[in-house]
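From first to last, the protein sequence lines are chains A and B.
Here the UniProt record's numbering is used: the first residue of the first sequence is 1, the next is one more, and so on.
Here the UniProt record's numbering is used: the first residue of the second sequence is 1, the next is one more, and so on.
If you are wondering where the hints come from, they were derived from the structure by calculation, not from laboratory data.
Check the hints yourself; a few may be wrong.
When chains are identical, the list treats them as one kind, so a pair holds in a single copy or across two.
Claimed, not checked - Below are the DSBU-like pairs computed for lysine-lysine, each with C-alpha atoms no more than 35 angstroms apart in a straight line:
1) 45 with 16
2) 190 with 132
3) 45 with 190
4) 190 with 23
5) 23 with 9
6) 98 with 23
7) 132 with 89
8) 45 with 96
9) 9 with 161
10) 96 with 161
11) 96 with 190
12) 161 with 16
13) 190 with 16
14) 161 with 98
15) 161 with 132
16) 190 with 9
17) 9 with 96
18) 89 with 190
19) 9 with 89
20) 161 with 190
21) 16 with 96
22) 45 with 89
23) 132 with 16
One letter stands for each residue in the lines below.
2 protein chains.
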Amino acid sequence: MYYPEPITKLIDSFTKLPGIGPKTAARLAFFVLEMEEDDVLDFAKSLVNAKRELTHCTTCGHITDQDPCSICSDPSRDGSVICVVQDPKDVIAMEKMKDFQGKYHVLHGTISPMEGIGPEDINVSTLIERLKDEQVEELILATNPNVEGEATAMYISRLVKPSGIRLTRIAHGLPVGGDLEYADEVTLSKALEGRRDL
Amino acid sequence: MYYPEPITKLIDSFTKLPGIGPKTAARLAFFVLEMEEDDVLDFAKSLVNAKRELTHCTTCGHITDQDPCSICSDPSRDGSVICVVQDPKDVIAMEKMKDFQGKYHVLHGTISPMEGIGPEDINVSTLIERLKDEQVEELILATNPNVEGEATAMYISRLVKPSGIRLTRIAHGLPVGGDLEYADEVTLSKALEGRRDL
Numbered sequence: 001m002y003y004p005e006p007i008t009k010l011i012d013s014f015t016k017l018p019g020i021g022p023k024t025a026a027r028l029a030f031f032v033l034e035m036e037e038d039d040v041l042d043f044a045k046s047l048v049n050a051k052r053e054l055t056h057c058t059t060c061g062h063i064t065d066q067d068p069c070s071i072c073s074d075p076s077r078d079g080s081v082i083c084v085v086q087d088p089k090d091v092i093a094m095e096k097m098k099d100f101q102g103k104y105h106v107l108h109g110t111i112s113p114m115e116g117i118g119p120e121d122i123n124v125s126t127l128i129e130r131l132k133d134e135q136v137e138e139l140i141l142a143t144n145p146n147v148e149g150e151a152t153a154m155y156i157s158r159l160v161k162p163s164g165i166r167l168t169r170i171a172h173g174l175p176v177g178g179d180l181e182y183a184d185e186v187t188l189s190k191a192l193e194g195r196r197d198l
Numbered sequence: 001m002y003y004p005e006p007i008t009k010l011i012d013s014f015t016k017l018p019g020i021g022p023k024t025a026a027r028l029a030f031f032v033l034e035m036e037e038d039d040v041l042d043f044a045k046s047l048v049n050a051k052r053e054l055t056h057c058t059t060c061g062h063i064t065d066q067d068p069c070s071i072c073s074d075p076s077r078d079g080s081v082i083c084v085v086q087d088p089k090d091v092i093a094m095e096k097m098k099d100f101q102g103k104y105h106v107l108h109g110t111i112s113p114m115e116g117i118g119p120e121d122i123n124v125s126t127l128i129e130r131l132k133d134e135q136v137e138e139l140i141l142a143t144n145p146n147v148e149g150e151a152t153a154m155y156i157s158r159l160v161k162p163s164g165i166r167l168t169r170i171a172h173g174l175p176v177g178g179d180l181e182y183a184d185e186v187t188l189s190k191a192l193e194g195r196r197d198l
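My request is simple: use the sequences and hints to build the entire structure.
See the structure below:
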């Protein structure tokens, strides 16, 4: 027993977080000991509150503290465009951009046969329900540009195609500020393929 | 407002920890949302418990959940040797080694005129009291081998010297497994200076 028990437990808790090994966990735990007691109580409370108060919006699947979420229930947003993303963090990234005025649908994952994740394991069925109930004109598939993301976009596009809703996929190409010299072949090929008239 | 409020608060709490920026904090906060509720409650409890139950040992200054700490109150340990360290983490490092059977004294810092930390700001006065009350034969100065650590060791040695207690400083030299080629000049000079007969 190197550490007193309360600190061992705290180190164990920190170690469970992603990217935090035993050394970092010990450093964080010792930092907590030096923090003001009120700050520690706030930290503990915010952990419990975040876990207890946040749920997934039954409409779009985004994390929220009210159901439906603030985006789904916002009358100023354009319900005719739905942007399909993998993860709540992707919604945040899109919202930071401030350019998109439509609504979202969060899949909570991608189809990945290698990991045994099929279409029934992600939030697709509620998307299909939404397309029936809501007046949707365009579905933007914004899953990540990797094998799983492409497969998921392909799956959804095949499923939705017959309904006649416009299906779009976000553009692949060179990131702004990127360098042609350092771009990988696939990205470069996508950038060429997606070239536009000036 | 990109995130629902409970998660914003949690991200803020994580951001207060050392070495955790806004992006990592967001990643950790989202991870917490996916954790089991019991694990989150345990985490919150361990935070509060660590802060509330741990104090500094009034004898040696080490962090502890009982006073005096388990090392100070252990009759099997040799009270005639006291190892002076900067930080509770240094006690842990020494204890992991399993070679030292004496007791400790934790300074909680080093003298650093640049940062306005004088001898009265670190835990030295209780050390002087201990040397009067306890039967101490040797004081091992194990502050870090940098400017502040050396200055602190020097200060304590001058203070204690008149009492006739044996004063020692941990050895400086090449770390085991180290490489002469990559050692800096000061370390190499210390290693040469501290050479021993075979």
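Here is what the structure says about each hint:
no. : hint         : result
1   : 45 with 16   : both (18 angstroms within a copy, 15 angstroms between copies)
2   : 190 with 132 : within (33 angstroms within a copy, 78 angstroms between copies)
3   : 45 with 190  : neither (47 angstroms within a copy, 50 angstroms between copies)
4   : 190 with 23  : between (42 angstroms within a copy, 29 angstroms between copies)
5   : 23 with 9    : both (14 angstroms within a copy, 26 angstroms between copies)
6   : 98 with 23   : between (39 angstroms within a copy, 19 angstroms between copies)
7   : 132 with 89  : within (26 angstroms within a copy, 61 angstroms between copies)
8   : 45 with 96   : both (27 angstroms within a copy, 34 angstroms between copies)
9   : 9 with 161   : neither (53 angstroms within a copy, 41 angstroms between copies)
10  : 96 with 161  : within (30 angstroms within a copy, 64 angstroms between copies)
11  : 96 with 190  : within (25 angstroms within a copy, 55 angstroms between copies)
12  : 161 with 16  : neither (43 angstroms within a copy, 48 angstroms between copies)
13  : 190 with 16  : neither (39 angstroms within a copy, 41 angstroms between copies)
14  : 161 with 98  : within (28 angstroms within a copy, 69 angstroms between copies)
15  : 161 with 132 : within (13 angstroms within a copy, 87 angstroms between copies)
16  : 190 with 9   : neither (50 angstroms within a copy, 40 angstroms between copies)
17  : 9 with 96    : between (37 angstroms within a copy, 18 angstroms between copies)
18  : 89 with 190  : within (25 angstroms within a copy, 52 angstroms between copies)
19  : 9 with 89    : both (30 angstroms within a copy, 16 angstroms between copies)
20  : 161 with 190 : within (23 angstroms within a copy, 75 angstroms between copies)
21  : 16 with 96   : both (29 angstroms within a copy, 23 angstroms between copies)
22  : 45 with 89   : both (22 angstroms within a copy, 27 angstroms between copies)
23  : 132 with 16  : neither (42 angstroms within a copy, 46 angstroms between copies)
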